[in-house]
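Residue numbers (this note's numbering), protein chains in the order written: chain P, 2 to 290; chain Y, 638 to 1126.
You can trust all of the hints, since none of them are fake.
The list that follows gives simulated cross-link-like pairs (lysine-lysine, DSS-like), each with its CA atoms no further than 25 Å apart: (1) Lys1122(Y) to Lys887(Y); (2) Lys899(Y) to Lys725(Y); (3) Lys61(P) to Lys1076(Y); (4) Lys61(P) to Lys1054(Y); (5) Lys1070(Y) to Lys61(P); (6) Lys124(P) to Lys1122(Y); (7) Lys124(P) to Lys61(P).
Quick caveat, the hints were computed from the structure, so don't treat them as lab data.
The structure displayed is predicted, hence computed values, not measured ones.
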Amino acid sequence: MARVDVRKTYKLYIGGQFPRSESGYSYVVEDAKGRFVANAAKASRKDARDAVVAARGAVKDWAGRTAYNRAQIVYRVAEIMEDRRPQFVEAVRQSEGLTAARANAVIDASIDRLVWYAGWADKITQLVGGANPVAGPFFNLSTPEPTGVVAVVAPEESSLLGLVSVVAPVIVTGNTAIVMSSYPRPLPAVTFAEVLATSDVPGGVVNILTGDAATTAPWLAAHMDVNGIDLTGIAGDAELATSLEQAAAENLKRVRRAPDAEPDWTADPGIAAMTAFLETKTVWHPIGV
Amino acid sequence: MTQSKVSTGSTTVGFEYAPAPESRAIVDIKPSYGLFINGEFVDGHGKSFKTISPATEEVLAEVAEADDSDVDAAIKAARRAHTRVWSKLPGRERAKYLYRIARIIQERGRELAVLESIDNGKPIKESRDVDVPIAAAHFFYYAGWADKLEYSGFGTRSLGVAGQVIPWNFPLLMLAWKIAPALACGNTVVLKPAETTPLTALLFAEICQQADLPPGVVNIITGAGATGAALVEHPDVDKVAFTGSTAVGKAIARAVAGSDKKVTLELGGKAANIVFDDAPMDQAIEGIVNGIFFNQGHVCCAGSRLLVQENVYDEVLDRLKRRMSTLRVGDPLDKNTDVGAINSAEQLGRIRELSEVGESEGSERWSAPCDLPSNGFWFPPTVFTGVSQAHRIAREEIFGPVLSVLTFRTPAEAIEKANNTPYGLSAGVWTDKGSRILKVANALRAGVVWANTFNKFDPTSPFGGYKESGYGREGGRHGLEAYLKGGEL
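Using the sequences and the hints, build the whole thing.
Dropping the structure here:
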């Protein structure tokens, strides 16, 4: 008699834990051919608010770590992803309908992207900060600092490479994130959460909400304890993007606007995704005796 | 005759100063001003308004109000100048225009300073020594960037037309912060000065003519909130730069949502100025005074919340009050004046209202003894003690010469109280311990931290806020980002 397999429950990732949605709702996830794959948790407003509390709680420790330490932890994420390659290949094949070879190429690119961003942790400061030659006897230095808690709407189509490409730049600089994963393709994000949970990333630094961003994003865009929002995943939906940007104005969140169409994730990312959620602090001190 | 009194225990020593007025003969204020569009002064189609001297309430001039059609005409002129002239000009040629402007500001510095003090009410020593020289320095600094943009890290392509709206507290200086980087990067501008302080911007328009700046590169339109709203909401504006209140900043952020407009917002603040028990006390007292009474406290980065370590509270307050008693409040054109006129009746009303709220919420009010002129808008240097974090005078920007004093015991408590505000523009820290300075400066959520100094500005030094104090930076290489596209590293 054939063994009955143990199926996985796909849950949210909040504060280092894997809770179900407090709402009790889940939704059906289909593969690229429309076949049932799993039920995923459908995050509610309350889940989003819980995620903000977790993300806020993680800011002080995470932003206060040395850049070297953050670099090693993000690199560790890449290592664990490599370790879990077969599972990611399967998830990306299901989600995006790719061949094994092309799915493997997506995993390659995703891991390489994490490694690339890991190395930025202790370099971005020198690139965008520096000493300012003021006309007077003052020491004057500008340094970038993380904005704080950032809500990230991950891309709808690129379920892993796109996800990694919007999450890594936010956290490597010391921000914490609440990520709304692709609605139709959430499973790579759930697997990614399991990688984060076993990669020395402190709980709360990345929180992942599966479900409909059109439901959760408005709450996060309007939340007064969220400091920034990346609308990349709203690509092509100008109406929703505009209303989210309007809501974000209430506490002047830093907004990374939605592009007209989902970007080519294989292109060189540049540093804009990092600098979007960095603040420049300038410190003056007199020079004298 | 200006009089100051110093209390030393039970006796009061009076110093008297002979008036030392700066001559206003150097400025030629016209009875009326039009809008500066496409290199010429033209009539506006709105209802003209009067600008007055806040020190005397004397009407200085009648100023045109730009209506929607005028705003549109100015933007069209800027667009044309961008397409046909300015964006095609090599950077080294743009640079030379900016250098010319910097030089003319220096040459006409006395005229600009006197006019600024007359229209704004600020002391001549500040307009002469701060506003005008730093404005010239901004043009000189950004002139040098115009032909070096390939090294900026932000690309070399201009955005197009910048719509810029500036406040009344540093009229010429804010104009320089806005126009210099915009032009250096190859953009053209439409700038609206505040309705109570349009005169130096209109004199700057003449300076543009004198520099032979091509028509339409700089357009100055006058008016109030409606004119500013029409400018920032206009669909043919590529970039919005605003300095002013957080409430208006939020409205602008909503208005530009969904557009491709780049936005920088430099908004309000409620800066903590933290004095530790080991602070260099003479400098700290000067820094506290400079932090809140510079420019009548009409400063977005003013050190309006004084946090004093409990064990030196009595000493700091005694010395602060003694120093405040020597501040000379009066004629902005008198070279001895430390504190000038409040910029408008409306602002004076707000300062009075919040001060009354401070008293009614239980704080103790003390004002420096001084004789205030009978005409004009005046408010004495004032300090509130017994202020709690919940009091409105500890939370809201008063934008006047009013200091709220709170105490703390430990560095951790100081940091927590300093950061307990939706604002995050600036902060000050006073201590002789280097490691403490760095620890506290790191922990403060503010865009500018002055350690053992306060209210210092320089064109090379990025300025701008965290949180609800806005976003984007003005000054330095950072200040170029808002005016370039296509070349992010």
